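Peer 1: Now for the letters of each chain:
2 protein chains.
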Amino acid sequence: MTVLNSVHHINFVVSDIDESVRAYQRILGLGPFEFEDLLERGVRTARTRLGDVWIVLVSPQDEESIVGRYLREHGEGFLLLSFGVDDLDLAMLDLSKRGAMAPDSKPRSGILGWPVADLDTEETLGARFHLTQHPGSSARP
Amino acid sequence: MTVLNSVHHINFVVSDIDESVRAYQRILGLGPFEFEDLLERGVRTARTRLGDVWIVLVSPQDEESIVGRYLREHGEGFLLLSFGVDDLDLAMLDLSKRGAMAPDSKPRSGILGWPVADLDTEETLGARFHLTQHPGSSARP
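From first to last, the protein sequence lines are chains A and B.
In terms of the numbering used here, the first sequence is residues 1 to 141.
In terms of the numbering used here, the second sequence is residues 1 to 141.
To be clear, the hints were calculated from the coordinates, so they are not data collected in a lab.
Please note that the accuracy of each hint is not assured.
To be verified - Listed next, with one range per pair, are the computed distances between beta-carbon atoms: (1) B/Pro115 x A/Glu34: 29 to 35 Å; (2) B/Glu36 x A/Phe35: 24 to 30 Å; (3) B/Pro32 x A/Glu122: 20 to 26 Å.
As the list claims (entries may be wrong) - Looking from chain B toward chain A, a few residues come up when the C-beta cut is under 10 Å (computed): (4) Val7; (5) Ile17; (6) Ser20; (7) Ile27; (8) Leu38; (9) Gly51; (10) Gly75; (11) Phe78; (12) Leu93.
Since we're looking at a predicted model, the values are computed, not measured.
Even for Gly, the Cβ is constructed at its ideal location relative to N, Cα and C.
With the rest of the complex left out, here is chain A (with noise of 0.2 Å):
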């Protein structure tokens, strides 16, 4: 049984975010896209949903912040993925007792103020995964 009730959104890091936007826009027909700066990761960000799914494009404005390194090794691309879930307190207590988290992570704030928490499972699995509080998803047909 897991604590994860769905997929909040995707993260996909690029390089020049207004270029991108228009890319997206042009190639998938996505959007419109809303913007909006995380100055404390110093990222700035674009996301547009799909139905149930947020799809967040993100730059860093800042080389040596933590998606700038994640840029500047692996190119443009998908970033993380993050797992909506009902209570986030409860889901980091499950995940770190599952080894996916370090016990002492801190949540924080993502765009549009949700609540979020990244997890530690590029090694373990090979990819970025992340938690967003994001209840009553799992009631959804």
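For this one, chain A is given, so just place chain B on it according to the hints.
Peer 2: Leaving out everything else, chain B in the frame of chain A:
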């Protein structure tokens, strides 16, 4: 306006599918997983559903398959995101006009017999995208 109606599934490439299924179950609590071989793609797959989205692990059985070469080049992790579309033929027409796929692209059969088509976005968007015919997703709340 986009012909894309949802995030239908997300594929992660893995090296050893049995080991990865156990890791995703243990670390994230996901599952149960159902296995399926796609012989013409040279891969073994394991899928589980989370809310409205399928999480699919894909392991190459043939090192020279497309997925085998991708794994060798990129390592384990995100492979592609597949968008749901109401009508695959109409969506392919729209997306080839947008330059997201070659005009002579042909649909193929994915797991569970899903009609799917590969987009050609890796160079332009830095990420691999894909279409799955899944009518009616856009009508969901």
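Peer 1: For every hint, state whether the structure bears it out.
Peer 2: Structure-based check of each hint:
The beta-carbon spacing between B/Pro115 and A/Glu34, approximately 33 Å, falls within the hinted interval of 29 to 35 Å. For the hinted restraint 24 to 30 Å between B/Glu36 and A/Phe35, the CB-CB distance of approximately 40 Å leaves it violated. At roughly 25 Å, the beta-carbon separation of B/Pro32 and A/Glu122 lies within the given 20 to 26 Å, and the hint holds. With 10 Å as the threshold, the beta carbon of B/Val7 comes within range of chain A, its nearest partner Cβ sitting at about 4 Å, so the hint holds.
For B/Ile17, the suggested interface contact is broken, since its CB lies about 13 Å from the closest CB of chain A, more than 10 Å. Because the beta carbon of B/Ser20 sits about 7 Å from the nearest beta carbon in chain A, less than 10 Å, this interface hint is met. About 5 Å separates the beta-carbon of B/Ile27 from the nearest beta-carbon of chain A, less than 10 Å, and the hint is met. Given the 10 Å rule on beta carbons, the hint for B/Leu38 is violated: about 20 Å separates it from the nearest Cβ of chain A.
Taking 10 Å as the C-beta contact cut-off toward chain A, the hint placing B/Gly51 at the interface holds, the least distance being around 4 Å. Of the supplied interface hints, the one on B/Gly75 holds, with its beta-carbon coming within about 6 Å of a beta-carbon of chain A, less than 10 Å. The interface hint given for B/Phe78 holds, since its Cβ lies 4 Å from the closest Cβ of chain A, which is under the 10 Å cut-off. Here the hint on B/Leu93 is broken, as its CB sits about 12 Å from the closest CB of chain A, past 10 Å.
Hints 2, 5, 8 and 12, counting from the list given before, are not met by this structure.
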